[in-house]
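Q: These protein sequence lines map, in sequence, to chains A and B. The numbering of the first sequence is the working numbering, which starts it at 56 and goes up by one. The numbering of the second sequence is the working numbering, which starts it at 6 and goes up by one.
In short, the hints are calculated from the structure, not lab data. These numbers come from a predicted model, not from an experiment. Heads up, some of the hints might be wrong.
Said to hold, decoys possible - Some chain A residues near chain B, calculated using beta-carbon distances under 7 Å:
1) 114
2) 159
3) 164
4) 212
5) 216
6) 268
7) 405
8) 450
9) 452
10) 488
11) 490
12) 494
What the hints assert, rightly or not - Below, a list of computed lysine to aspartate or glutamate pairs in the EDC-like style, where the Cα atoms sit at most 20 Å apart:
13) B:318 with A:475
14) A:440 with B:108
15) B:318 with A:97
16) B:446 with A:215
17) B:413 with B:425
18) B:318 with A:215
19) A:135 with A:310
20) A:298 with A:429
21) B:446 with A:226
22) B:446 with A:220
23) B:318 with A:259
24) B:318 with A:160
25) A:440 with A:416
26) B:446 with B:272
27) B:286 with B:254
28) A:298 with A:102
29) B:318 with A:226
30) B:286 with B:131
31) A:440 with B:131
32) A:135 with A:207
33) A:440 with A:413
34) B:318 with A:213
35) B:79 with B:425
Stated by the list, open to error - Chain B residues, not near chain A, derived (Cβ > 10 Å throughout):
36) 169
37) 228
38) 265
39) 316
Here a beta-carbon is modelled for each residue, glycine too, at the ideal position from N, C-alpha and C.
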Amino acid sequence: MSLIAQVLKGRRATGALAAASLAGALMTAPAVSARAEVFNPDSFTLENGLQVVVVENHRAPVVTHMIWYKVGSADEPPGKSGIAHFLEHLMFKGTETVPPGQFSEQVARVGGNENAFTTDDYTAYFQTVAVEHLELMMKLEADRMANLRLTDEIVLPERDVILEERRQRVENDPSSELQEVARATLFLHHPYGIPTIGWAHEIERLTTEDAIAFYDRWYAPNNAIVVISGDVTAEQVRPLAEKYYGAIPRRAVPERLRVQEPPPLAPRRVELASPRVQQPSWRRSYQAPSHNRGNTEHAYPLEVLAEILGGGPTSRLYRSLVVDQGVASGISAWYRPNAVDLTTFGIAAIPRPGRSVDELEAALEAELAALLADGVTEAEVAAAKTVLTAEAIKARDSLSGPARVIGAALATGRTLEDVEAWPDRIRAVTVDQIKAAARAVLVPAASVTAVLLPEETS
Amino acid sequence: MSRFLAAIRRLAIEAAGTVAIAILCVLPAAAAVDVQRVVSPGGIEAWLVEDHTTPVISVSIAFRGGAALDPPGKEGLAEMVSTLLDEGAGDLDSTAFQQRIADLALDYGFDANRDSFNGSMRTLTEHRDAAFELLGLSLSAPRFDSDAVERMRAQLLARLARDANDPGNIARRVWWSTVFPDHPYGRPTEGTPESLRAITIDDLRGFVGRRFGLDNLEIGVVGDIDAATLGPLLDKTFGKLPRSVEPYELPEAVFRSPGAVVVVERDVPQSVVLFGHDAVKRDDPDFYAAAVLNYILGGGGFSSRLMTEVREKRGLAYSVATYLSTLDFAGLIVGQVATQNARVAESLEIIRREWSRMREEGPTEQELADAKTYLIGSYPLRMTTTSSLADVLTAIQLEDLPIDYMEKRTAYFEAVTMDDVRRVARRLLHPDRLVAVVVGKPEGVTPTQDPPDGAI
Chain A
56 MSLIAQVLKG
66 RRATGALAAA
76 SLAGALMTAP
86 AVSARAEVFN
96 PDSFTLENGL
106 QVVVVENHRA
116 PVVTHMIWYK
126 VGSADEPPGK
136 SGIAHFLEHL
146 MFKGTETVPP
156 GQFSEQVARV
166 GGNENAFTTD
176 DYTAYFQTVA
186 VEHLELMMKL
196 EADRMANLRL
206 TDEIVLPERD
216 VILEERRQRV
226 ENDPSSELQE
236 VARATLFLHH
246 PYGIPTIGWA
256 HEIERLTTED
266 AIAFYDRWYA
276 PNNAIVVISG
286 DVTAEQVRPL
296 AEKYYGAIPR
306 RAVPERLRVQ
316 EPPPLAPRRV
326 ELASPRVQQP
336 SWRRSYQAPS
346 HNRGNTEHAY
356 PLEVLAEILG
366 GGPTSRLYRS
376 LVVDQGVASG
386 ISAWYRPNAV
396 DLTTFGIAAI
406 PRPGRSVDEL
416 EAALEAELAA
426 LLADGVTEAE
436 VAAAKTVLTA
446 EAIKARDSLS
456 GPARVIGAAL
466 ATGRTLEDVE
476 AWPDRIRAVT
486 VDQIKAAARA
496 VLVPAASVTA
506 VLLPEETS
Chain B
6 MSRFLAAIRR
16 LAIEAAGTVA
26 IAILCVLPAA
36 AAVDVQRVVS
46 PGGIEAWLVE
56 DHTTPVISVS
66 IAFRGGAALD
76 PPGKEGLAEM
86 VSTLLDEGAG
96 DLDSTAFQQR
106 IADLALDYGF
116 DANRDSFNGS
126 MRTLTEHRDA
136 AFELLGLSLS
146 APRFDSDAVE
156 RMRAQLLARL
166 ARDANDPGNI
176 ARRVWWSTVF
186 PDHPYGRPTE
196 GTPESLRAIT
206 IDDLRGFVGR
216 RFGLDNLEIG
226 VVGDIDAATL
236 GPLLDKTFGK
246 LPRSVEPYEL
256 PEAVFRSPGA
266 VVVVERDVPQ
276 SVVLFGHDAV
286 KRDDPDFYAA
296 AVLNYILGGG
306 GFSSRLMTEV
316 REKRGLAYSV
326 ATYLSTLDFA
336 GLIVGQVATQ
346 NARVAESLEI
356 IRREWSRMRE
366 EGPTEQELAD
376 AKTYLIGSYP
386 LRMTTTSSLA
396 DVLTAIQLED
406 LPIDYMEKRT
416 AYFEAVTMDD
426 VRRVARRLLH
436 PDRLVAVVVG
446 KPEGVTPTQD
456 PPDGAI
C-alpha cells in the first residue's frame, strides 16, 4: 500500500480505493481487534500439537478455513531472503496425490475463494467455501502440510513470478523503494530490516532445495494453528481435524531465535529524490515494544495513542495539521502490537500543495513536543476508546475478520484469553499510561524519518 | 433462523446443487430468498434483508448519474462532491460533523464512478436513529463551506500528483481516452489538476441539485432492523430530497478503434499493459455467456487460461486478469498484466494467441462446467458482511433487475450451453481489435499510434 493511499483522508471510507487499502493493510498488518463478547472461540489441541480454533458464525452456510504457520521471513537463513514467501507460492504447486494447479482448481470448482500471505512472523493460507466443502479444504490443506513435491520444472518459473511481484510491488514504485530502505535502516541488526519479499539479488539465487529445506524445518502440525470461522461447531470440526491433520506426526521444530537489535543511539534519516515522484511525502517510524518484546506494558496505551494522534479526521494531528494549520493534506498514525520481537509506531503525512516538507515536519515536531510535555486529555482517550471498542463489535460482521485477528495473535505468541480481553484492556488504559508510553517510545534515537521528494530538474 | 440466513442458505444450497453435478452427491431442495421491498409512508422504497446476528446496520445508496456527467473542463466534480458530503451539513460544520461520525463510531463514506454516485454507512444498532439522521443531512443539506472545499481540493490534487507517475494509473487514463476519444467515458473521473482547480462551490451545489432526487435514488439496507422500523426512518432520512430531478441522457459510447498499440515511455523496470475492446452491456441477452467466457479466459483467479499461460507456465507476470466492464452506455472486456520490459512483447503475444484460440475453439466441457459452478457457488461469498450485501442490493436495483434476482441468477448461469459460449466467443473476441496501452520501456513493442493529446 502506498504511503499516500494510507494517509489521504484517513477515514473509514467505503469507496473502491478505501476497500483496496484495507485489503492491503490486512495482508501486512492485521489491525482489527477482538472483544470478549464477540468471538467466543472454542479451541482444542490435537495429540500432534496442532491447535484448532473455531469461531461460530451461523449467518450463512459458509466457512473461512485458515492455517497459520509460526514462521515468517524473519526466520530465514542468512542469504536466503524471500524463501518464506517463495515457499508460500510453491505450496500451490502440487503434492504426491494432487498434481500442480489442482489445489486451486479444486477450490474454484466448489465456488471457493482462496489465497495466502506471508509476513515477518507468520505465513497463512485460507479458503472461503460453502460449509459442506470444509472437509475437502481440510483434506487438501493437511495434504500439503506433509506431502509437498517440488521439481525445478515448476519451481523456476515461479521464481520469475516472484521477481515480477517484486517489480510490481517495490521497484515500479519509489514510495515502496524508500519504505524498504527505511525499514532496513530502522532495524540495524534484526531480520525485520529485511523485506519479506526478499532482496532481488537473493531471490534470483533461491533454489528448489532451499524451499524444501525451509519446508522441512518449519511446516509441522505442532508449529501450526487452524482457525475456522463460520457455520460450524467445534464438535463438528474435531473429527475432521483428527482425521486429516491428526494423521501427520509431530516433528521437532526449532525455536525462533533471532538476533536482537542493539540499543538505538542515533536518529536516522533517509531521503529519496526521484524524477518518478511528483507528490512529496514524509514518514517516521519508531522502534516500539510489542506484546512480546521491550517494555510490553506500553502496548495497549500505544494502540490508544495511535488512534488519538492519527486515527481519522477527528484525530489530533489531522485537526492540527490538516484542518487548522493547512500544512498537510493528509496524515495518519499506526501501531501494530502483535509481533514476535519489536514492532513499529509510525506517523505519515503529505504536505498540502504549496507547502514544503520542511514546514510540515516542523509542525509535526511541535505537536510531538507538546504531546511529550503535556500528554493527552481525558476527552481524547474517551473518544479513542469509543471508536476502538466499536471496531471490535463490527469485527463480528465478517467471516474472515475474526479468523485473521485470532490467527495473527496466536501466531505471535498471544493467547485466546488475550484476544478476548482486548476491549477490557483498551478500556483500562489511562491518560498517565499513554503519556508514559509516548515518552518511552517517541524517542528520536529510535526513529527513522523517510522523505520522498520530486527530483529537481533544471 | 434470521431472514438473512435463510436468503444466504438458499443461495449456497443452489450453488451446492450445481456442484453436485460434478461431485455426484445429492442435496436438498432450496427455500426462498427473502429480500423485502419496504415502502415508507411517504412512498420511498428500499430493499431490506433482515439479519439480527450482529448489532449492526448497513445502508447503501446510489443516485443514477456519475462522473460521466461532469461538465467539460470540470472533470472530477462528482468525485469532489463525494469527498465533501461528510465535511459539513445542516448546522454542523466540518469539525462538528466529523466529531458526530466519530462519536457514533460510524463507517461513513461516498464515492463516484462513471455512471452513479454511491454512499454507504454502517452503524451499531444503538446509534441507529442518529446515524440515519446524519445521512439525511449529508444528502439534503451539504454545506460546501469554502475551507472544507479547499481542503478536499488539496487532497484530490495530492492524489493526482501521487498517481501521475504510477504506470497502472497512466495506462488506465490513456486506455480510456484512446478507446473513447469523443465520449465522456474517455475523460478521467478523478479529473486533472486544471479541472479540479476550476470547480466552484456553485458547481458542487449544481451536481447535488441535478442528481440527488428520490426518482433517481436506490437504497439497500441490511442488518439489525425490521421493516416496520425502517419505513418511517426512510421518510425522515430521505424525505427532504426533491421528488424528481431532471433526467439525463448520454449517447452510446461506440468503440470505433480498429485495434492499436500505444506506448507511453516511462523509466520503470516493469511495463504495465492495459488491453481490451468492446463487449456486452449488462442487459445484453448474451451477458451470462460472456461472463462464463471471461471467467475461463482471464477472470478465474489462478485457473484461467491467461493465468496458466502467462504466469504458471512462463513466469511472465505476478498477475494477469480480465473483467467485463458493463457501463450504462458501453460494454467492454478489459485486462491488465505487468511484465518486465524485456519480456512484455512475449506476454502480449500470448494474450493475443489465447484470445484467438478461445475465439476459434471455445472452451472445453470441463472448463465450461467449472466456470458455471464457480460463478454460481462463489456468489454467496460476496455477502458475508452486512455492508457487502447492502451494496449488492443497491447494485441489483441500479441494473433494473428484479427483487428475486438472487434466486434467478443461478438458473441464468445454469442455462448457458457450450453452443452459447462458442457463439459468444466468436461474437465478442476480436484479437485484431485489441487496444493495448503499454507504460514502461518495453522492448520489441511497436506502437501503432500516439497517446491522445492531454491524456497523460
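Q: If a hint holds in the structure, say so; if it does not, say that too.
A: The hints, checked one at a time:
1. 114: Since the shortest Cβ distance to chain B is 5 Å, the answer is holds.
2. 159: Since chain B brings a Cβ to about 4 Å from residue 159 of chain A, closer than 7 Å, the hint holds.
3. 164: 5 Å, holds
4. 212: It holds, given that the least Cβ distance between residue 212 of chain A and chain B is near 4 Å, below 7 Å.
5. 216: 5 Å, holds
6. 268: Hint on residue 268 of chain A: violated, closest Cβ of chain B at ~22 Å, above 7 Å.
7. 405: With a minimum Cβ separation of about 6 Å from chain B (threshold 7 Å), the hint on residue 405 of chain A holds.
8. 450: 9 Å, violated
9. 452: 5 Å, holds
10. 488: Violated. Min distance 22 Å.
11. 490: 22 Å, violated
12. 494: At 26 Å from the nearest chain B Cβ, residue 494 of chain A fails the 7 Å test, so the hint is violated.
13. B:318 with A:475: 45 Å, violated
14. A:440 with B:108: 10 Å, holds
15. B:318 with A:97: Not OK: residue 318 of chain B and residue 97 of chain A at ~42 Å, beyond 20 Å, violated.
16. B:446 with A:215: Cα-Cα ~19 Å, so holds.
17. B:413 with B:425: 19 Å, holds
18. B:318 with A:215: Holds: residue 318 of chain B and residue 215 of chain A sit about 10 Å apart, inside 20 Å.
19. A:135 with A:310: 18 Å, holds
20. A:298 with A:429: Cα-Cα ~59 Å, so violated.
21. B:446 with A:226: 14 Å, holds
22. B:446 with A:220: 18 Å, holds
23. B:318 with A:259: The hint holds at about 18 Å.
24. B:318 with A:160: 16 Å, holds
25. A:440 with A:416: 28 Å, violated
26. B:446 with B:272: 6 Å, holds
27. B:286 with B:254: Measuring from Cα to Cα gives roughly 16 Å; hence the hint holds.
28. A:298 with A:102: Holds - the C-alpha atoms of residue 102 of chain A and residue 298 of chain A are around 12 Å apart, at most 20 Å.
29. B:318 with A:226: Not OK: residue 318 of chain B and residue 226 of chain A at ~23 Å, beyond 20 Å, violated.
30. B:286 with B:131: 42 Å, violated
31. A:440 with B:131: This hinted pair holds, its Cα atoms lying about 16 Å apart.
32. A:135 with A:207: Measuring from Cα to Cα gives roughly 17 Å; hence the hint holds.
33. A:440 with A:413: 33 Å, violated
34. B:318 with A:213: 8 Å, holds
35. B:79 with B:425: 43 Å, violated
36. 169: 5 Å, violated
37. 228: 8 Å, violated
38. 265: 24 Å, holds
39. 316: For residue 316 of chain B, whose nearest Cβ neighbour in chain A is about 6 Å away, the distance does not exceed 10 Å, so it is violated.
In this structure, the earlier hints numbered 6, 8, 10, 11, 12, 13, 15, 20, 25, 29, 30, 33, 35, 36, 37, 39 are contradicted, and the remaining ones agree with it.
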